[in-house]
Amino acid sequence: MEGETNADTLPVLEARLEQAQLLKKVVDAIKDLVQDCNFDCNDSGIALQAMDNSHVALVSMMLKSESFSPFRCDRNIALGINLTSLQKVLRCAQNEDILTLKAEDAPDVVNMVFESADSDRLSEYDIKLMDIDQEHLGIPDTEYAATINMPSSEFQRICRDLTALSESVSIECTKEGVKFACNGDIGSGAVTLRSHTDVEKPDRNVEINLSEPVALTFSLKYLVNFCKASGLSDSVRLCLSNEVPLLVEYALSNNSYLRFYLAPKVSPSKKHPAMHMLTNMTDWRRGVE
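If you're matching positions, the sequence shown starts at 1 in full-length UniProt numbering and goes up one per residue.
In case anyone wonders, no lab produced these hints; they're calculated from the structure.
The structure presented is a predicted model; accordingly, all values stated were derived computationally and were not measured.
Watch out, some of these pointers could steer you wrong.
To be verified - Each computed SDA-like pair below joins lysine to any residue, with the alpha-carbon atoms no more than 20 Å apart:
| no. | residue 1 | residue 2 |
| --- | --- | --- |
| 1 | 228 | 160 |
| 2 | 221 | 259 |
| 3 | 265 | 185 |
| 4 | 228 | 51 |
| 5 | 228 | 203 |
| 6 | 179 | 242 |
| 7 | 31 | 233 |
Claimed, not checked - What follows is a set of in silico ranges between Cβ atoms, one per label pair, in the way DEER data are often shown:
| no. | residue 1 | residue 2 | range |
| --- | --- | --- | --- |
| 8 | 109 | 140 | 33 to 39 Å |
| 9 | 213 | 187 | 21 to 27 Å |
| 10 | 195 | 253 | 25 to 31 Å |
| 11 | 119 | 69 | 19 to 25 Å |
| 12 | 177 | 91 | 39 to 45 Å |
| 13 | 133 | 187 | 43 to 49 Å |
Cβ atoms here follow ideal geometry from the backbone N, Cα and C, with glycine treated the same way.
Whenever a hint applies, use it, and build me the whole structure from the sequences.
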């Protein structure tokens with residue numbers, strides 16, 4: 001039968017995506033932040049959570065079981081995968097190919113089958129798994145002071161434009177709107193967005209919800225990295241509160257999501273007079289435990 005593994009027993013995990021491009025875009029978006037990570041599989045779906053090496057950024061992905069058809073996971077398993085290796089294999093798939101993930105009990109490989117949607121072509125690959133000792137981070141529930149929904153292409157453009165001037169961007173949210181500003185050696189720049197609703201062009205809408213003013217500074221290098229996920233969703237949600245990490249969320253179909261958290265830079269102090277120090281993501285978690 002097509003796509004069947006060589007093993008006599010049924011795989012513990014079998015997850016079929018109608019289009020391979022979803023997983024391809026997710027991996028492309030996070031591979032420069034995280035090298036090795038666990039894909040945690042259970043009956044709810046496939047999740048991923050990992051920090052970058054500097055403990056400044058955190059990525060959290062959830063592909064709900066409804067995103068797959070069919071989806072079966074008989075018991076909880078963690079698939080430790082090198083993302084560069086995964087990307088190489090995924091490049092062998094066309095965007096419209098049907099992708100099926102399979103794994104056996106206590107697997108040492110994950111099996112990937114690509115089926116052409118319009119021909120009889122079928123390709124099959126095994127990726128060696130890694131034993132990754134990865135702490136699962138409890139992300140605290142946060143009531144954010146400001147939430148901005150905007151076109152993902154607009155956010156990407158702002159970050160790219162400002163990175164030509166500076167390494168950092170200040171995001172200030174007030175009742176007047178949201179302002180992205182930077183200062184650098186060659187000059188300064190700012191982009192201000194106000195709430196905007198266009199019934200005829202909803203993909204251009206900007207929605208700002210604010211309970212109190214917020215002003216934080218972030219590394220543009222990381223934000224530009226996050227924007228690699230723009231192809232996954234037409235809109236992006238930014239959530240901010242003073243002194244906690246920024247949440248950048250790309251909503252996917254079937255209540256799935258790709259989220260990035262970025263620790264803010266703190267102002268220079270007597271302790272660190274020479275530079276803006278990045279708040280450590282682990283410290284943020286400890287502070288709410």
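Hints, one by one, checked against the model:
no.: 1; hint: 228 - 160; verdict: 11 Å, holds
no.: 2; hint: 221 - 259; verdict: 17 Å, holds
no.: 3; hint: 265 - 185; verdict: 19 Å, holds
no.: 4; hint: 228 - 51; verdict: 17 Å, holds
no.: 5; hint: 228 - 203; verdict: 18 Å, holds
no.: 6; hint: 179 - 242; verdict: 15 Å, holds
no.: 7; hint: 31 - 233; verdict: 18 Å, holds
no.: 8; hint: 109 - 140: 33 to 39 Å; verdict: 36 Å, holds
no.: 9; hint: 213 - 187: 21 to 27 Å; verdict: 26 Å, holds
no.: 10; hint: 195 - 253: 25 to 31 Å; verdict: 26 Å, holds
no.: 11; hint: 119 - 69: 19 to 25 Å; verdict: 21 Å, holds
no.: 12; hint: 177 - 91: 39 to 45 Å; verdict: 41 Å, holds
no.: 13; hint: 133 - 187: 43 to 49 Å; verdict: 46 Å, holds
When each numbered hint is compared with the structure, no violation occurs for any of them.
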